[in-house]
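Chemist: Each chain is listed here by its residues.
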Amino acid sequence: MKIDHSQPLEYSTQQNQMNILGFWIFLGAEIMLFGTLFASYFTLNNGVGSGPSGSEVFEITPVLLETIILLTSSFTIGLATHAMRINNKKATLAFLAITLLLGLSFLGVEVYEFINYYHEGLTLQTSAFSAMLLLTLGTHGAHVTFGLFWGLFIFLQIKKQGFTVGTTNKSFIFSLYWHFLDVVWIFIFSFIYLKGMM
Amino acid sequence: MRFKWIVFSSLLLLTTILAGCEPLLVLNPKGPQAETTASVIWISIITMAFIVIIVITLLIIMLVKYRASKQPDDYEPPHIKGNPILEAIIVIVPVLIVTFLSIMSVKSTYEVESVPDGYEDQDPLIIYASSSNWKWHFSYPEQDVETVNYVFFPTNRPVEFRLYSYGPITSFWIPQLAGQKYAMADMITKINLVAESPGDYMGRNANFSGKGFAENTFTATALSPDEFDKWVGEIHSTAEPLTEDEFNKLLEPGHLGKMTFTGTHLSFAPAPEGENAGHHHHMESDQDHSMESDQDHSEHSSH
Amino acid sequence: MEFFERFAIPNASPLIYASMVAIGLTVVAIVIGLTYFKKWGYLWKEWLTTVDHKRIGIMYIISALLMLFRGGVDAVMMRLQTAVPDNSFLDAQHYNEVFTTHGVVMIMFMAMAFIIGMMNFVVPLQIGARDVAFPRLNAISFWLYFTGAMLFNISFVIGGSPDAGWTNYFPLAGTDFSETVGINYYMWALQISGIGTLMTGINFIVTIIKMRAPGMKLMKMPMFTWASLITNAIIVFAFPVLTIALLMGTFDRQFGTHFFASTNGGMDMLWANLFWVWGHPEVYILILPAFGVYSEVISTFSGRNLYGYKSMVASMVLISFMSFLVWVHHFFTMGHGALVNGIFSITTMAIAVPTGIKIFNWLLTMWKGKIRFTVPMLYSVGFIPLFTIGGVTGVMLAIASADYQYHNTMFLVAHFHNVIIPGVVFAMLAGLTYWWPKMFGFMLNERIGKWGFWFLSIGFCLAFFPMYITGLDGQARRMYTYSAETGFGPLNMVSFIGAGLMAIAFILIVYNVYYSFRHSPRNVGQDPWNARSLEWATPNPVPHYNFAVDPVVNSSEAFWDAKKNGHVLFPEKIKKIHMPNNSGLPIILAGFFFIFGFSFVFSIWVGVIIAALGIIGCLAYRSFEKDPGHYISREEILETEKKLGGASNEN
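Residue numbers (the UniProt record's numbering), protein chains in the order written: chain A, 1 to 198; chain B, 1 to 303; chain C, 1 to 651.
Keep in mind the hints are simulated off the structure, nothing from the lab.
Take these hints with a grain of salt, some might be off.
Simulated crosslink set (DSBU-like; lysine-lysine; CA at most 30 Å straight-line) [as the list claims (entries may be wrong)]:
{"id": "1", "chain 1": "C", "residue 1": "LYS626", "chain 2": "A", "residue 2": "LYS90"}
{"id": "2", "chain 1": "C", "residue 1": "LYS220", "chain 2": "C", "residue 2": "LYS626"}
{"id": "3", "chain 1": "C", "residue 1": "LYS210", "chain 2": "A", "residue 2": "LYS2"}
{"id": "4", "chain 1": "C", "residue 1": "LYS217", "chain 2": "C", "residue 2": "LYS563"}
{"id": "5", "chain 1": "C", "residue 1": "LYS563", "chain 2": "B", "residue 2": "LYS65"}
{"id": "6", "chain 1": "C", "residue 1": "LYS642", "chain 2": "A", "residue 2": "LYS2"}
Quick look at which bits of chain C chain A covers, simulated, 3 or more residues with Cβ under 8 Å [unchecked claim]:
{"id": "7", "stretch": "243 to 250"}
{"id": "8", "stretch": "253 to 261"}
The beta carbon of each residue, even a glycine, is placed where N, CA and C say it ideally should be.
Build the full structure now, drawing on both the sequences and the hints.
Modeler: Structure representation (structure tokens):
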């Protein structure tokens, strides 16, 4: 394994560079995935049947809370990467932990939101709109959940092994993933919630 | 060169059968819509045959002239980079052909979608054609009659079929009069056609819809306006009225023969158009429309 | 007992029971055979856990041939049933299941596996790499594909087959009209193998972008590699659409949602749109690698460089973009009106232009060449006229008004078989014969191969050309029978005879493998075809590490340059080589996916949860695992090269 020291550690081997490129391409596929969800959502937007519409169930408070939490976590994962670049293990672990905790609280609010919908009579089976809404949010939420486990594994590995060619590569890729989920959320926030509330 | 022989003989076979004996349904039109599609098909076959012949001729020239057995042993094929003029030709000629066909496609598509030329002034006869597994129901709101698995209409008068489905997507098709259109549960689609000569025409659902699909056919009969009026009169004097119960029974999956009723199902089970359509933007819930029958969801798309 | 009732077949027939017994006996025979010959260890160590792109490629191709057999039996049954009017060999329900599985198996599990297998074997060799970018992921891709294929194939003996056509239109595919678990199988089999395909897409893009030999600029890649790169880009953008569509379909069927229902705001047309937004690019995913194979084969056996390299690349890039802009032509008859249909009619026809450029480039490649009629070349030469006929009928179908008459008829069936069989199947057989010596170190018998070609081509023409005519005469597709008055009988009989000839061709091709394995000489040398591109610079069969020394190239025909122009391919000395380790994880992971899919099909939630935990466990294990790979020593390489008579310099 040739290590190129002129590069940051996460880019320092050919395999690492390929991992990062591969992940970017994966994110391209993810854009198509969420793009399909959005396109379907806009198609079925008005198919509320006898159930409630978006404007009837959306509440600004939890949604704003989720947005703030996720945006902050995107910032903290950025800080974690920065700390990694300057070889500060403690700070990296701390920011990574904060990111994961923020992710967890995001999920908490989202679960609360879903329970609320349930009480207002909006479930998967209510209408095409309700199913589409829950599927879109759920797919994003599932991604966050997956990210929590993944991030935890990386946390443990950095803690044990420190910064290696492997761990830096993994945590850099994880940060790309996390930023991406944030970007998706911004679209959800703007085009599902804000547009739905108007 | 058995290979050439095969290609040629199969092409020959194709053309003889296409041109020979009994004319194929699609190429034997009995109304202006089907005439348009038939002539489009013929023009495209001829254009495309031209391309196929060029490609096959070139291929044969290459194979005959440049096969190894014809070359000296020490012949070393040259390295050829490309030739701008040649490449321009192989781009421009297809572009021209495609442009020609595109224009024809758009023009003819507009034509077959609208009321045929020369018939715009007449009031079209409106017939609702709805499919259920595996039957066709024809409702005549104007004449206030309904038939199952057969449809009568007068010649030389535009007919507007309004299509929808109680169940899977089906495709309404009378090859000698017009091309297909889907019938779906939550909206209406339309076919405009005119029959210019009287006769019985094969009609069917062309879109796979389950077990009974193969037999999901009907007869379309064009008759003179006088005879059509007589036929309507006869129904009113002989047929039973269509009740809601009776109609729900008809909807049950299975096959039925030809049936005739007075009245239409539209009075108690309106078609998915206007405020009854599945897709419109002001969805005031109108659940009270829902029916007790098993076909509940397919029958009513108006929620 | 109630629990087991769900696994019963809803409409059993003696045919299904017979195949059940046959499958059971085959499995028992394989297990006994492996045990008796003590081959379990070999199988596990050398194949099931391999991460070698060549072996994975071969496993894909074997699976593809198995699936070709399955789909082919379906096809013959369909032709037999419709050979005469009012036939009662199959009932309507059984016929519906047969054409559904025929379509899915042939597209998803035969053609896809064949092209991905071919890419696996050839691409790393063509670019001078030792493996793909992510060898482990590659193995996972294969095993997920294999899981999907097996899941789909057990449907007809456990629980019932899907029966709504491979296009699976809702609401027909909803629980109202298809009550068995068949379509659940469809959803999960495609979902699981689709994930594998997406991973393949990513893997190969990175491989091709990052692992090319020094000197191989993008415009100096062999054409098959170019085709693979573009194909994989389409895969990455098209498959996520299918993922979502399948997920929505699963929810509709198993969780009572109304995405595609006609009540509660659902829209059946959405499925058709999503399906074809994926489905049309999928067609080009299949055909572009085929184009790549033809480019290699025609150039090799004409003894000439590929004509119009740049326009070949440009036309493929163009085709890949446009493949996403034409999906509506699959349902012109849905009633969008003349404007929308007109637009999609034009975009569809426009694809004919780049495709036409390719046909003329191949013809011009033969120009001034020295054409040798080997089996791969015969397939390529047969491809040109037959595919042209398929292509021009495609243009005819693209004319929206005329499509109202062709749609859903045998004309359409004839068209797409006319592009897929001479396009994809011929290409795969050509490629398989061409690269066979690279895979196994001996040649396939030319004489039997040529018989196979003729049976296949003549059978093809007889089977499908009559359908153009019956289609124009009003024979709708997917009809399990028709009456004698329709007059479809004689031409359908011709089709059946053609299908029979194609079946004989398949037997000949398989027999050829056996015959050549027994009788072909083993020392074929490095260059049995007088070929041109880099993969031929390795010994036959290719050693585990591919290239003993990293090659350096300066054109798309590096091997030809080395042979004729004195180009030095291997300037460096042999050094130790780093290779990835084998791993059992992919097959174990796929095993959990199988349990997951199977349990989900039958809504056995305990199984779903256990399998999901297993999958997560595998991923966690992978995250913590350290896998540094291993080195092959210089001595070992020298010895292998000597044994294989490799052309690489042995200093």
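Chemist: Please flag the earlier hints that this structure goes against, numbers listed from lowest up.
Modeler: The structure conflicts with hint 2 only, although it agrees with all the remaining ones.
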